[in-house]
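Going down the list, the sequences are from chains A and B. For the first sequence, this note's numbering puts the final residue at 189, and the numbers step up evenly by one. For the second sequence, this note's numbering puts the final residue at 861, and the numbers step up evenly by one.
Treat the hints with care, since some could be wrong.
Claimed, not checked - Here are some, though not all, of the chain B residues that point toward chain A, as calculated from beta-carbon distances under 7 Å: (1) Gly772; (2) Ser775; (3) Gly786; (4) Leu787; (5) Tyr792; (6) Val797; (7) Pro849.
As the list claims (entries may be wrong) - Quick list of in silico lysine-lysine cross-link-like pairs, DSS-like style, CA-CA up to 25 Å: (8) Lys812/B - Lys822/B; (9) Lys176/A - Lys768/B; (10) Lys130/A - Lys822/B.
These are calculated hints, taken from the structure and not from any lab test. From a predicted model like this one, the values you see are computed outputs, not experimental measurements. Where is the CB? At the ideal position from N, CA and C, for every residue including glycine.
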Amino acid sequence: AQTVTQSQPEMSVQEAETVTLSCTYDTSESNYYLFWYKQPPSRQMILVIRQEAYKQQNATENRFSVNFQKAAKSFSLKISDSQLGDTAMYFCAFMMKYGNKLVFGAGTILRVKS
Amino acid sequence: DAGVIQSPRHEVTEMGQEVTLRCKPISGHNSLFWYRQTMMRGLELLIYFNNNVPIDDSGMPEDRFSAKMPNASFSTLKIQPSEPRDSAVYFCASSFSRTDYSNQPQHFGDGTRLSIL
């Protein structure tokens, strides 16, 4: 069974600075997807970024980028130029390429301070 | 485009009552998922449907929980009878699964916060 571990329960960052959220996972599969979802206080679950395991290039979406280390089974999220609106719970999630189940980590609460 | 629509947004009811949560997936999506979020257990997949057929219900906690998808645009999650430990946020999500079974990201509704007194 796949597991996802987020070892940082809470983090804080000053506005405009950069922060990195950690995620590790365990799987014996070679083809899979990794995701970061954001859950602001409004409770929505918003897809931030997606990485396909067979692609070596790290995914980027505007201020959000990942550092995907397949051999280390590590998938960290970097948020550049942090904004107050980035304050949220961030979930790392795993899904097999030919599957439908999302396995979530426990989440990291990120607080952006002005 | 309309996202996944869930109703109600909040539900408060007494123990023993029947609760029905509703979900309308994104048009064109053929997979639908029900999740439960609690402080203790985080986000858990309860059940998912593909082309209106339940594929995996191994996450459904017990017989008090049931889910249906009578057509491509509607699904329900029912709890009968409800218990205080069922209090949680319930999310519905949908995605498009291609014929080669490689799947697209899941898009979530805003969730239903359920409180059982």
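Do the hints match the structure? See the list:
no., hint, in the structure
1, Gly772, "16 Å, violated"
2, Ser775, "6 Å, holds"
3, Gly786, "5 Å, holds"
4, Leu787, "4 Å, holds"
5, Tyr792, "6 Å, holds"
6, Val797, "12 Å, violated"
7, Pro849, "5 Å, holds"
8, Lys812/B - Lys822/B, "8 Å, holds"
9, Lys176/A - Lys768/B, "19 Å, holds"
10, Lys130/A - Lys822/B, "40 Å, violated"
Hint violations for this structure: numbers 1, 6, 10, all remaining hints satisfied.
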